[in-house]
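Colleague: Sequence:
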Amino acid sequence: MGILARITSAAKSSNKSSNESSLSGGGHGIDKNQVLAPTDPTVINPMNAGTWQTVRTAPISETPRYFNKTEADALKHVAAQKREEARQAKRAYKSLKRLEESDAQVHTAHRSYIKGVADNELIFP
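Here this note's numbering is used: the first residue of the sequence shown is 3, the next is one more, and so on.
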């Protein structure tokens with residue numbers, strides 16, 4: 003009988019009320035629900051597809067129609083304004099993406115630090 007079999011069988015015999023071994027059930031201070039929890043409840047992940055809302059400035063023109071000069075001038079002005087807003091939105095989303103990447107680097111560095119602390123706890127003097 004191997005060491006892993008001994009550990010799992012010992013855990014099964016000592017914990018008759020549960021069908022989980024100490025290895026599969028945890029047997030440690032790590033809560034998988036907390037570790038796997040999203041950093042924000044609205045973040046897109048396999049359990050939350052997010053919202054796929056769209057932006058539409060003008061309603062769809064379902065039938066052909068004529069536009070008068072006033073309407074055409076107003077649409078031209080709105081189109082120019084929306085083009086500038088789209089350019090600014092693109093810049094803002096690019097910055098938000100960079101912020102997310104920076105946050106991810108901080109999280110990775112912190113987890114690496116925590117791993118080092120945990121590894122050092124295993125070394126007995």
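Check before you lean on any hint, since a few could be wrong.
Unchecked claim - 30 Å max Cα-Cα, derived BS3-like pairs, lysine-lysine: (1) Lys99 x Lys34; (2) Lys96 x Lys84; (3) Lys84 x Lys99.
Claimed, not checked - Ranges between beta-carbon positions, derived for each pair: (4) Arg113 x His79: 20 to 26 Å; (5) Asp75 x Asn35: 30 to 36 Å; (6) Met49 x Asp121: 15 to 21 Å.
If you're looking for bench data, these hints aren't it; they were derived computationally from the structure. Glycine residues also receive a C-beta, built at the ideal position from the N, C-alpha and C atoms.
Colleague: Can you give the numbers of the hints that this structure goes against, from lowest to highest?
Modeller: Failing hints, ascending: 4, 5 and 6.
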